[in-house]
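Colleague: One letter stands for each residue in the lines below.
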Amino acid sequence: MSGRGSSSRITDEEINELVTKLQSLLPESRRRNIGRASASKLLKETCSYIKSLHRDVDDLSDRLSALMATMDANSPQADIIRSLLRS
Amino acid sequence: MQVPNSFKLALLKQMLLGFQLSAVSSNSMSFHERKNAIKLSADAAMVFARGSTRWTRGLVASLSKNRNNEDLLRGILGKKYERLSLPCCNSWKIPRSRKILKRCLGLCSRRKKATGTQHDVKSSSTLARRLVKKRIQVLKKLLPGGDSMEGFSLLDQTLDYAVSLKAQVDVMRRLLKISKASNLNK
Numbered sequence: 001m002s003g004r005g006s007s008s009r010i011t012d013e014e015i016n017e018l019v020t021k022l023q024s025l026l027p028e029s030r031r032r033n034i035g036r037a038s039a040s041k042l043l044k045e046t047c048s049y050i051k052s053l054h055r056d057v058d059d060l061s062d063r064l065s066a067l068m069a070t071m072d073a074n075s076p077q078a079d080i081i082r083s084l085l086r087s
Numbered sequence: 001m002q003v004p005n006s007f008k009l010a011l012l013k014q015m016l017l018g019f020q021l022s023a024v025s026s027n028s029m030s031f032h033e034r035k036n037a038i039k040l041s042a043d044a045a046m047v048f049a050r051g052s053t054r055w056t057r058g059l060v061a062s063l064s065k066n067r068n069n070e071d072l073l074r075g076i077l078g079k080k081y082e083r084l085s086l087p088c089c090n091s092w093k094i095p096r097s098r099k100i101l102k103r104c105l106g107l108c109s110r111r112k113k114a115t116g117t118q119h120d121v122k123s124s125s126t127l128a129r130r131l132v133k134k135r136i137q138v139l140k141k142l143l144p145g146g147d148s149m150e151g152f153s154l155l156d157q158t159l160d161y162a163v164s165l166k167a168q169v170d171v172m173r174r175l176l177k178i179s180k181a182s183n184l185n186k
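As they're listed, the protein sequences go chains Y and C.
One point on numbering: in my numbering, the residue at position 58 of the first sequence is 58, and numbering is uninterrupted.
One point on numbering: in my numbering, the residue at position 25 of the second sequence is 25, and numbering is uninterrupted.
It is worth saying that the hints were derived from the structure and are not from the lab.
These figures come from a predicted structure and were not determined experimentally.
Some hints here could point you the wrong way.
[As the list claims (entries may be wrong)] Just so you have them, the derived chain Y footprint on chain C, three or more residues with Cβ under 8 angstroms: (1) 18-28; (2) 34-46; (3) 59-71; (4) 124-132; (5) 137-149; (6) 169-182.
[As the list claims (entries may be wrong)] Sample of chain Y residues at the chain C side, in silico, Cβ under 7 angstroms: (7) 18; (8) 25; (9) 39; (10) 44; (11) 50; (12) 53; (13) 55; (14) 60; (15) 63; (16) 64; (17) 67; (18) 68.
[What the hints assert, rightly or not] Pairs of lysine-lysine residues, derived as BS3-like cross-links and limited to a Cα-Cα distance of at most 30 angstroms, are as follows: (19) C:134 / Y:51; (20) C:80 / Y:51; (21) C:79 / C:166.
Backbone N, C-alpha and C fix where the C-beta goes; we use that ideal spot for every residue, glycine too.
Looking at chain C on its own, in the form it has when it is part of the complex (with noise of 0.2 angstroms):
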């Protein structure tokens, strides 16, 4: 699964913008201050890229809560920062949501318990379905603004997350390969 290539620019772009307006080739930077400023431009641009989703909210809110990346959040996002900071309110899905996730996952194991032996089938299935929720609340910490999302909503917006951050990961390593490569010819 991959990003079209506008997002990977679009992406690039801001991300660049980011170093610049927090002067990330100043020598007046500690390393730590410029790494910082360096993964924060990395995310405000991976948000802008992608837009407004669910887990772009959520990674705006957690960005915003240190009072010191607002001006950057800013300078990245435009205008946008508004729209994303906005709440967004679906509780109502959320009993569906965790009916369809079930269902969801229930196809994985349906799948597997068709070819397999027959045993102990409650408490195998009883340790399974706790494994699940073990693990959901794992991915749940590690999605932006996962803990209010449930079932469908979660898996989905998991995918899109992914996706985007594979992106991040490979803009940043072409940069850095790009920087190097000329940094040699100095």
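Next up, chain Y with everything else stripped away, as it sits in the complex (with noise of 0.2 angstroms):
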């Protein structure tokens, strides 16, 4: 992600940009919760998020498990995600 293989010092500014963008990942309702962005609480709702990230995929496995045993594969979903492949 970012090209600093050879280059020996990391400047302030590349911090200063990482930190905001820490900050911006983070969706609206967990940035009003850090203000003027402590270390701490910008860590801890990162870890949250990242957490919750978790939950999401684990939860939509579960739909898509249910979901995949009712499908056969001549039937017209198999058609759909066929030609998503195809766009």
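Reassemble the complex: the two chains are provided individually, in unrelated frames, and hints are given to aid placement.
Modeller: This is the structure we're talking about:
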């Protein structure tokens, strides 16, 4: 993501940019909790954001699993998916 | 922060490939087998779409620990599997990275200190530092391969990982929506 391979110094701008990006990464609702971005709050919100994404993946896997059980290879769903792949 | 559409498309394609390879729509699978196949496909697809970076290598390493996953991982990742399984040695960067992390997080608290009151500065900053350390430990456990990362790399990779995860969630959500919608027309 960042091409810092051989350069020896990470500038303050890069650090500022990273902190800003981390803040902007969080959805609006979480950003409000941080206010003036204390380091520990930023980390806390980032951690809980990642955990909530993990839960989303788990929940979506449950639902997809239930759905896939009822699908068969020659159904219209399969056609739609195939057309998705072609686009 | 968003990933390009090409990322999501690649993720979707490989995930569906994974579903095919593990035959998720067959009747012979238990709910849990199917769910695990779906999760594994989604993760491997995300790795494929992202390419080589520290967290993707960390994720491949942890997914490979389960021998049963190897076939599906190879099927989805193809040639990338070998490349992503190589160990990465960045240990010399670690001492410097810790200083950079302190600088980085120092910038956050400096903004706050400038406007705050000056009561027991020493103990409040020690407490803050301890809290930050604790949170970093939590973050390291959440990030694949996080244990071997420090400082700037840790935060940089966290950002990268979170953005990719969000894309994974978006793709799965859209797939679910489309599949459900077409299911109603049966």
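Colleague: With reference to the structure, classify each hint as holding or not holding.
Modeller: Hints versus structure:
1. Residues of the region 18-28 of chain C with a Cβ under 8 angstroms from some Cβ of chain Y number 4, which satisfies the need for three, so the listed coverage holds.
2. Interface restraint, the region 34-46 of chain C with chain Y: holds (5 residues with C-beta to C-beta distance below 8 angstroms; minimum three).
3. Given a C-beta distance limit of less than 8 angstroms, the hint that chain Y covers the region 59-71 of chain C is violated, as 0 residues qualify and 3 are needed.
4. For the region 124-132 of chain C, the stated coverage by chain Y is satisfied: 3 residues place a CB nearer than 8 angstroms to a CB of that chain, which reaches the threshold of 3.
5. Proximity of the region 137-149 of chain C to chain Y, defined as three or more residues with a beta carbon under 8 angstroms from a beta carbon of that chain, is established by the 4 residues found.
6. Counting residues of the region 169-182 of chain C whose beta carbon lies closer than 8 angstroms to any beta carbon of chain Y gives 9, which meets the minimum of three for the stated coverage.
7. This hint holds: residue 18 of chain Y has a C-beta 6 angstroms from the nearest C-beta of chain C, less than the 7 angstroms allowed.
8. With a cut of 7 angstroms, the hint placing residue 25 of chain Y at the interface with chain C holds, because the nearest CB-to-CB distance is about 5 angstroms.
9. A hinted interface residue such as residue 39 of chain Y counts as satisfied when its beta carbon comes closer than 7 angstroms to some beta carbon of chain C; here the least separation is about 4 angstroms, so the hint holds.
10. For residue 44 of chain Y, the shortest C-beta to C-beta distance to chain C is roughly 6 angstroms, which falls under 7 angstroms, so the interface hint holds.
11. Taking 7 angstroms as the C-beta contact cut-off toward chain C, the hint placing residue 50 of chain Y at the interface holds, the least distance being around 5 angstroms.
12. With a cut of 7 angstroms, the hint placing residue 53 of chain Y at the interface with chain C holds, because the nearest CB-to-CB distance is about 4 angstroms.
13. Hint status for residue 55 of chain Y relative to chain C: violated, with the closest Cβ pair at about 10 angstroms, above 7 angstroms.
14. Hint status for residue 60 of chain Y: holds, given a least beta-carbon distance of 4 angstroms to chain C, under 7 angstroms.
15. Because the smallest distance between the Cβ of residue 63 of chain Y and any Cβ of chain C comes to about 6 angstroms, under 7 angstroms, the interface hint for this residue holds.
16. Proximity of residue 64 of chain Y to chain C holds as hinted, the smallest CB-CB distance being about 5 angstroms (cut-off 7 angstroms).
17. For the restraint placing residue 67 of chain Y at the interface with chain C, the shortest Cβ-Cβ distance is roughly 5 angstroms, inside the 7 angstroms limit, so the hint holds.
18. The criterion of a C-beta within 7 angstroms of any C-beta in chain C is met by residue 68 of chain Y, whose closest approach is roughly 5 angstroms, and the hint holds.
19. At roughly 16 angstroms between alpha-carbon atoms, residue 134 of chain C and residue 51 of chain Y fall within 30 angstroms of each other, so this suggested pair holds.
20. Annotation: proposed proximity of residue 80 of chain C to residue 51 of chain Y holds, straight-line Cα distance about 27 angstroms (limit 30 angstroms).
21. Taken as a hint, the residue 79 of chain C and residue 166 of chain C pair is honoured in the structure, with Cα atoms around 25 angstroms apart against an allowance of 30 angstroms.
Hint check: violations occur at hints 3, 13; the rest are consistent with the structure.
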